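Visitor: Listed here are the chains, written in short residue letters.
Protein chains: 4
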Amino acid sequence: MADFQESETLRMETFSDGVFAIDITLLTFQLKTPSLRAATSNQSLALALFHQWPNYIAYFISFTTIFIIWLNHHRMYNVIQRSDVRFMFYNGLLLLLVSIIPFTTSLLADYINTPAHSLSAALYMFLFAGISGVLFVMWNYATANYRLLKRPAGDVRIQSIRTSHLVSVITYTFAAVVSFLLPFLSILVGLVMVVYLSQLKYHRNKVV
Amino acid sequence: MADFQESETLRMETFSDGVFAIDITLLTFQLKTPSLRAATSNQSLALALFHQWPNYIAYFISFTTIFIIWLNHHRMYNVIQRSDVRFMFYNGLLLLLVSIIPFTTSLLADYINTPAHSLSAALYMFLFAGISGVLFVMWNYATANYRLLKRPAGDVRIQSIRTSHLVSVITYTFAAVVSFLLPFLSILVGLVMVVYLSQLKYHRNKVV
Amino acid sequence: MADFQESETLRMETFSDGVFAIDITLLTFQLKTPSLRAATSNQSLALALFHQWPNYIAYFISFTTIFIIWLNHHRMYNVIQRSDVRFMFYNGLLLLLVSIIPFTTSLLADYINTPAHSLSAALYMFLFAGISGVLFVMWNYATANYRLLKRPAGDVRIQSIRTSHLVSVITYTFAAVVSFLLPFLSILVGLVMVVYLSQLKYHRNKVV
Amino acid sequence: MADFQESETLRMETFSDGVFAIDITLLTFQLKTPSLRAATSNQSLALALFHQWPNYIAYFISFTTIFIIWLNHHRMYNVIQRSDVRFMFYNGLLLLLVSIIPFTTSLLADYINTPAHSLSAALYMFLFAGISGVLFVMWNYATANYRLLKRPAGDVRIQSIRTSHLVSVITYTFAAVVSFLLPFLSILVGLVMVVYLSQLKYHRNKVV
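Protein chains in written order, with the working numbering: chain A, 770 to 977; chain B, 770 to 977; chain C, 770 to 977; chain D, 770 to 977.
Excised from the complex, chain A in its bound form:
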């Protein structure tokens, strides 16, 4: 049988948690101390810090988005009992993409104020679309014929979660495309999606 035991599914979840926790903390490197020459008084330091506003916004959106992805990953594993080799590789792909978030965050923060803002915003949104796509595929695979679900699986809101992941893919892809016209819309979409994705209910009886 190609199933993992429950304890092994747990271990993959723990490993994933570690990667999520490190990625969310590595975002800290977005916050850079202004160079000493730029700040010779409280006023000039305040100004130098103020000019870093794209970094703060990018930090905030990426932090909350990784937190929400972690939360949904956790909620998904909550209703899953087993795992198999293919599901584990989907999970590896998810971690690989999540680990790229600090890179696209850095791109967005550095370029949102330059003529290259459209591309940086588009890549930022496109990565989120890809991550949502992997979550969509993982969910479809786990729930087809209740393949990997805990019993009683009937309580799991399979269809509503499926739709939510699909909505995420479409919204992020749309934001990526629109970035070439309105780069700042991406930032707004990023914030709205955090609120939307935090509301997903995986289970009929409890909100987790």
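Source of the hints: derived by calculation from the structure; they are not laboratory data. No false leads were slipped in.
Copies of the same chain look alike in the list, so a pair counts if it fits in one copy or across any two.
Derived pair list, reagent style EDC-like, types lysine to aspartate or glutamate, alpha-carbon separation capped at 20 Å:
id, residue 1, residue 2
1, K970, E777
2, K970, D853
3, K919, E782
4, K919, E777
These numbers were taken from a predicted model, which means no experiment stands behind them.
Fit chains B, C and D to the given chain A structure using the hints.
Guide: Just chains B, C and D, lined up with the frame of chain A:
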């Protein structure tokens, strides 16, 4: 029901522990090797290292403060049995703010010896005030009507902890404001608060 | 008796997991934001990003390889019940070598496009050969006379895993040597080995 | 009562494990890719890498020493059942000092080849002496009147471990002082101590 199960509260706690452990270790980047040109003998290396004293002090205060925040976070979760979506978002906000500590630590270390010292000290203290504020709100939310507490909840020192968090918010905010007159006072307040916060007793019967 | 208890074997495994998770996430530092001067428009940013293709390929191979090493480490511990001092030191050596992967990855990404490509590719492959060698030694030590195996040990595919690790050592060493003629072959070998190593079955009754 | 419950002692141990795992992995930053200008052929890259030998040695000693400290920390917690506030602060101090190892490692690697080698080697050894001192104090505190020990505590080799930690403090302090005459002796002492400390037996009946 909007409650988390106990095991899920545990998982949020484990994730938080990971973020705390990484943040406390990232402080290490405050300690920088002096550039090779600055040190051509044991004496010049000693001097170059000595000139980094603001980094050592900032490292020490931030390390002990994060350790104490972790400890109080842990003590809070010790008397909590359940969790809900709102409490979890408070916890996410706490982690976001704690992850900024390496940034304000770096600011303090770089600017405490420059004319911009007041602003760097004020921001350093203000972040600690914000973190204390979130802990205050979390504690109020968890203990209102014994909402998330373990039974028997009567033993929990609700009011005394509440006061302590309020004292923290006020002291740190006061230190942030006073930084504009006496920047070095912040450092002293930071040290005193570590001792104060390490003494909090959450439970009548045992000190944890 | 020189054996570890089962719970202590678990703790070594958890510590190893932490190191694997951090190493796999530190690979993110391969992905560097192009300098602002290099990109004054969407086109020039796209070009600057495109020129970093060796970084993306090196990131991808290293990420998947660490993931696969973690997976095989996990599968090995799954069939092991005990541990002793010598096995623990083999494990420490494994972690030391895995922690060097971000360094050789960085070497490969920086030099694959320069006249020094052969050496960087050879070192990259040679480290993987060394890691496979340690896994081979660990497996031999654990399975000799079923020394550290869980019962019933008869179900463990001792010989087939042994062969697989030996194949890995030989293939990676071969790729390291051939790098001096065909440096890009290493990249191909790295990709093929990820697929090969993901297929290993440690146990007759289940695929884990 | 001022004791921690067993589960809380476990949580402090898990937090410490996280800090150890991150510190040991951050040592990777000692291994730096030579700058592209330094290497225009396989030969020049090989030479540039060879010139980094102090980094490799410093990496090796620090990695194995942190591993051994972790191991002894783990062995100590194995025979400890309870914890109290003071023991926890000793543990916090231990983590603070261990987190400085990447800094002194970097100092050693950068300066062992310069006229400032004595000071860098002395600081490197002195930090290890300090860490051994904290382990000595922790052990004395935990074992006085069997204060924090698991039952049956009679099997614990209290005196022999106590002596070993004392030997460590003296040896490392001696090496720190001698560094001003023979800086390279530190490196040798560092290697010998790893072997010595890996042999400590905390318990009469089993080697853990």
